[in-house]
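Engineer: Listed below, chain by chain, are the residues.
Number of protein chains: 4
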Amino acid sequence: MSSLSSPTMIPLDVLLALPTASEFLAHLGGIYEKSPTFIEQFYTENLCPTTNDASTIQATKARITNIKILFDEMKQYVRRSPSEVQLELLRSHPDLCLKLEQIDATQRDEDEATITEESRQEQGRAGLATLTPDERQNFTEWNEDYKSKFNIPFILAVRNASKYTVLSALEGRLSNVNSSPQEEIAHALFQVDKIAYMRLLEKVTYSQNQEGHGGFLTCHVLDTANGVPAAGMRIELYKYDNTDTKQMVKSFVTNSDGRLPSGPALKGAEFTVGQYQWIFYVGDYFARFSSSRICGTPFLDVVRLDFGLDDPTDHYHVPLLCSPWSYSTYRGS
Amino acid sequence: MSSLSSPTMIPLDVLLALPTASEFLAHLGGIYEKSPTFIEQFYTENLCPTTNDASTIQATKARITNIKILFDEMKQYVRRSPSEVQLELLRSHPDLCLKLEQIDATQRDEDEATITEESRQEQGRAGLATLTPDERQNFTEWNEDYKSKFNIPFILAVRNASKYTVLSALEGRLSNVNSSPQEEIAHALFQVDKIAYMRLLEKVTYSQNQEGHGGFLTCHVLDTANGVPAAGMRIELYKYDNTDTKQMVKSFVTNSDGRLPSGPALKGAEFTVGQYQWIFYVGDYFARFSSSRICGTPFLDVVRLDFGLDDPTDHYHVPLLCSPWSYSTYRGS
Amino acid sequence: MSSLSSPTMIPLDVLLALPTASEFLAHLGGIYEKSPTFIEQFYTENLCPTTNDASTIQATKARITNIKILFDEMKQYVRRSPSEVQLELLRSHPDLCLKLEQIDATQRDEDEATITEESRQEQGRAGLATLTPDERQNFTEWNEDYKSKFNIPFILAVRNASKYTVLSALEGRLSNVNSSPQEEIAHALFQVDKIAYMRLLEKVTYSQNQEGHGGFLTCHVLDTANGVPAAGMRIELYKYDNTDTKQMVKSFVTNSDGRLPSGPALKGAEFTVGQYQWIFYVGDYFARFSSSRICGTPFLDVVRLDFGLDDPTDHYHVPLLCSPWSYSTYRGS
Amino acid sequence: MSSLSSPTMIPLDVLLALPTASEFLAHLGGIYEKSPTFIEQFYTENLCPTTNDASTIQATKARITNIKILFDEMKQYVRRSPSEVQLELLRSHPDLCLKLEQIDATQRDEDEATITEESRQEQGRAGLATLTPDERQNFTEWNEDYKSKFNIPFILAVRNASKYTVLSALEGRLSNVNSSPQEEIAHALFQVDKIAYMRLLEKVTYSQNQEGHGGFLTCHVLDTANGVPAAGMRIELYKYDNTDTKQMVKSFVTNSDGRLPSGPALKGAEFTVGQYQWIFYVGDYFARFSSSRICGTPFLDVVRLDFGLDDPTDHYHVPLLCSPWSYSTYRGS
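Chains as they are written, first to last, in the numbering used here: chain X, 108 to 440; chain D, 108 to 440; chain C, 108 to 440; chain B, 108 to 440.
Incorrect hints may have been included.
Treat identical chains as interchangeable: a pair holds within one or across any two.
What the hints assert, rightly or not - Heads up, simulated DSS-like pairs for lysine-lysine below, C-alpha to C-alpha not over 27 Å straight-line: (1) LYS353 / LYS270; (2) LYS256 / LYS175; (3) LYS357 / LYS270; (4) LYS182 / LYS141; (5) LYS310 / LYS256; (6) LYS270 / LYS346.
Keep in mind the hints are simulated off the structure, nothing from the lab.
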């Protein structure tokens with residue numbers, strides 16, 4: 108059974124009790140790209156026993172009961188920082204183009220790599236190295252245009268982003284006549300938050316071996332043609348791996364309320380970040396009703412619904428509303 | 108380039124001009140399962156030169172300008188028939204259980220087969236022969252229950268239906284305390300209509316080699332987060348074959364109105380009945396907008412939308428309404 | 108505080124213990140229009156102490172713990188009856204045209220009325236008497252056509268139906284080339300069920316004064332632009348009276364999960380059949396987010412959602428999914 | 108028939124040909140609140156014959172063929188301006204609290220008013236003067252908090268906004284821990300754009316008396332229970348006046364494609380900015396189908412859909428997708 112910790116991870120309570128900034132830095136130094144000073148300051152202002160009185164530190168530790176709260180504190184700390192500090196955080200990010208060259212370089216020779224290991228890994232998964240010469244030229248040019256227009260590097264924290272995502276994002280921001288530096292800076296800070304959170308989850312764990320971060324996945328199927336829960340519908344849950352192939356995780360038959368019969372589809376250690384797919388056997392369900400007129404090649408038969416689980420601490424409710432001729436889904440609660 | 112005719116097909120105008128019932132029967136005899144008398148009567152009442160005056164026949168031929176109209180005339184003829192005739196049409200269908208045995212039998216010895224070739228082919232595709240012993244027992248039992256309860260055989264004209272579809276349909280009709288013989292008969296007639304139409308399309312063609320039956324497929328993508336057409340979204344269209352693998356047919360990038368840039372995705376000879384899939388690159392699209400906050404593992408990234416094209420004479424509009432957190436589709440117009 | 112009983116109503120347990128068919132008939136005789144024999148037979152076969160042994164009667168009484176179960180038993184009894192009996196039930200209904208004349212007649216002279224009091228009341232609310240001469244002619248003609256085509260009177264149990272509903276229904280059934288007597292009979296039986304249930308609810312009550320039949324109304328608002336519950340949204344609930352004016356029943360502000368803060372909006376004696384309206388202050392909600400770009404005349408501001416509560420024993424979940432540019436609702440669970 | 112001009116409006120071509128900044132200012136001085144210098148600079152850089160060569164001016168005039176293009180040019184001019192200039196534009200706006208006091212003041216004595224006439228009119232319609240003492244206190248306090256937090260006044264260009272909208276917006280921005288000055292500034296610029304556009308439309312017209320700005324309203328109804336256009340559905344269009352009462356504008360019956368039978372519902376001079384309501388007679392439509400099981404108090408009967416038309420130059424497509432148990436709408440195209 109998978110657990111949340113690996114040998115290089117530090118338990119949250121141990122982290123919060125570290126007595127010096129250098130030790131804190133040794134663990135979380137890479138959270139904000141090439142910005143150890145910022146992490147040091149966060150430690151000094153909030154957790155350092157020489158600059159805070161004991162009761163303040165105690166209160167802070169008592170408040171930070173999980174990794175998401177630690178992240179929230181850091182995020183607020185970024186928000187309260189002067190705009191020069193914020194811009195510095197953004198500008199410490201290598202531009203995606205440089206990363207790209209480096210990924211190629213590391214494929215030749217690890218020693219040449221000058222981007223951080225964290226950054227390389229995130230980007231390495233992105234498959235950017237497969238750019239065609241033309242795409243690389245577009246990419247380089249748009250990247251420069253972005254920096255010129257908004258005075259910050261282009262930052263995108265999409266895990267496993269394809270080159271299409273990155274190129275689409277760059278082109279979209281540049282071609283939008285309404286986009287403003289203010290919005291791009293706000294958005295880049297958002298991306299930096301996300302990177303910090305993703306990195307925190309890989310560096311910090313819990314003292315007591317915990318089964319997951321508390322997130323879970325639920326489902327519900329409504330039959331909008333008849334105004335009732337879709338009872339007795341077969342559903343399968345698949346997970347994609349990084350190479351875009353999928354494995355079935357579980358299968359279900361909905362209960363009389365149109366829900367999964369035994370609680371969440373995923374919870375605890377099973378609930379892991381990634382790309383998933385529901386398969387709903389909608390055609391089989393509607394064949395039960397003579398009024399549905401299911402025949403020939405049905406308009407809807409197998410409904411495949413791809414979705415991503417992003418935050419391991421959250422509840423994801425991913426329902427289906429369907430008739431034989433229409434369906435919709437949304438992130439519910 | 109695929110055309111609509113094969114050597115065994117008869118052109119519509121030639122069909123309508125056939126001078127005797129036996130010739131008409133030779134071509135369309137199998138349209139209604141084991142019911143040649145019915146076809147004969149249809150011919151006699153509508154097209155036979157000895158029982159209709161010339162001007163009536165002329166009017167009928169002038170009205171029936173395509174295969175769907177021929178089908179509609181036959182459907183109306185069924186509807187106007189006395190209920191005994193209708194029940195006879197239904198009861199001429201082999202029960203699905205017998206078909207099943209026969210499919211197995213034909214795999215051993217063609218001569219033993221007593222079901223019609225048309226019926227065998229439709230069913231053969233259904234993969235019913237892969238029933239487990241338990242499933243076969245359920246199937247046989249439910250089939251008998253159905254006949255006892257409703258006094259007609261269970262008829263299901265789903266092309267390539269899986270055993271799950273058939274079992275779900277049978278179980279649903281039997282367990283529904285509100286189902287009535289009236290409804291089941293009405294529904295069985297609907298299935299018989301569908302079978303007749305599918306068979307007509309394989310037996311009748313046009314004199315002038317025609318590129319398709321006139322149906323076409325269109326698409327439209329709306330961005331419901333921003334209230335605008337989703338311009339510049341990549342879309343791919345795939346077609347499934349009978350073994351559930353798919354081939355890309357075409358790819359598109361939406362225009363400024365969120366539509367395909369060069370008219371229908373499929374039309375003419377390309378528009379063929381079957382299972383298709385749209386892939387919409389929704390995540391890439393929303394990455395264009397800083398306000399979308401696309402990061403980490405996006406909730407929606409690649410939207411896969413499976414749909415069936417059933418009637419080769421119809422317009423299928425299959426749009427997508429999407430935000431980064433929800434989407435819906437429907438058969439539009 | 109409203110209760111479920113009135114002096115003329117009979118408690119369920121008392122009803123089920125009535126010793127003779129004539130007493131049972133005295134209470135439920137009008138459930139099926141002009142069909143006392145049918146009610147009598149239902150009593151004789153299920154509840155009569157001289158034709159059933161004590162343990163069977165005991166089991167029946169033990170099963171029928173509420174009015175909906177009584178209704179279900181009657182419905183199944185109809186379903187199991189021979190088709191001649193079913194047709195007799197349908198043909199006992201006065202045609203809507205006759206009702207119309209009678210309603211006019213009763214306005215002149217009560218004595219002339221020959222339709223049942225139950226039927227007159229249901230129809231009287233329908234406002235059919237306001238037909239123009241032309242509409243009355245259409246109505247009469249279509250009614251006759253319907254009877255000729257399907258051999259049963261046209262039955263529609265829509266409470267407070269407008270003349271438009273009735274005319275639309277009649278025209279639709281007649282103009283549908285695919286409609287069949289089987290379907291119309293099945294549907295007419297469904298309407299007769301509905302009438303019986305509505306009449307039962309007005310004739311039977313409970314011994315212990317009960318606050319409502321157990322139904323309740325809930326709500327949920329999801330923000331599909333941001334993928335979160337819509338917290339802090341103002342909602343109002345109105346009820347329409349028969350003259351199409353409405354009164355505010357309650358107002359709410361959604362909690363952090365987008366739900367009503369104190370459970371069901373209506374339950375117990377408050378949950379009564381009728382037409383309601385939610386008002387959702389969607390524009391005010393989205394003005395909270397700078398990313399929503401609410402300005403000028405917002406596309407969506409006040410969302411009004413009219414819905415009917417029909418079955419006093421059911422749960423009605425009536426949610427809203429909304430972005431600043433789109434919304435949807437459905438009967439949920 | 109209403110036209111686009113009033114005596115105080117200036118035709119676009121005349122405006123673009125004005126020979127001096129002071130004349131240009133006399134007409135458009137109020138477009139950006141208390142920022143005549145900005146308007147003057149726009150004129151000088153783009154239209155002034157002494158600072159631009161003839162061919163440049165000619166090209167500019169040739170490009171600006173309608174009022175929306177003029178607005179776009181101004182918006183881009185704002186976007187290209189240094190951030191100090193942008194902040195100056197924002198800070199020239201009176202705070203909403205001051206406006207409020209002034210509106211009260213003007214009700215006592217016009218001479219005391221110090222806010223611009225444009226601003227007063229927009230705000231006057233907002234009904235802010237009806238704040239209770241408690242609300243006024245909240246309002247004043249939050250307004251101050253907003254200015255302290257983001258260093259700009261709170262700007263909201265919602266026409267006819269209620270006090271609830273303004274209070275909700277203020278509270279939302281202040282309570283959002285993720286909101287940033289960058290985003291608020293970007294949003295405030297967006298509001299300032301909107302104000303400029305609304306004022307332009309009231310100050311500039313066309314030489315040739317034009318029937319409307321080109322915008323139009325269309326509709327489409329899809330029946331998602333049956334997968335077909337909703338043909339023959341009655342629809343009514345209402346317009347709200349400022350006192351929240353409504354007048355019917357037109358009524359329609361959908362054609363066989365589920366669309367309005369004679370093109371746009373509104374176009375030309377009829378297409379005016381404001382709050383509208385569609386009424387869809389969904390219950391009557393579904394009563395046409397026996398499979399819909401419409402009876403009792405239908406869940407959906409009359410669907411009321413309120414929407415705002417904001418930009419007189421745009422196409423608004425406002426469709427309905429409906430089953431007897433669900434519906435959705437969106438701004439389409």
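Engineer: With reference to the structure, classify each hint as holding or not holding.
Structural biologist: For each hint, the structure was consulted:
1. LYS353 / LYS270: both (21 Å within a copy, 24 Å between copies)
2. LYS256 / LYS175: between (34 Å within a copy, 25 Å between copies)
3. LYS357 / LYS270: between (31 Å within a copy, 20 Å between copies)
4. LYS182 / LYS141: within (17 Å within a copy, 37 Å between copies)
5. LYS310 / LYS256: For LYS310 and LYS256, the Cα distance exceeds 27 Å both inside one copy (35 Å) and across copies (34 Å).
6. LYS270 / LYS346: both (22 Å within a copy, 25 Å between copies)
The structure fails hint 5 only (numbered hints given earlier).
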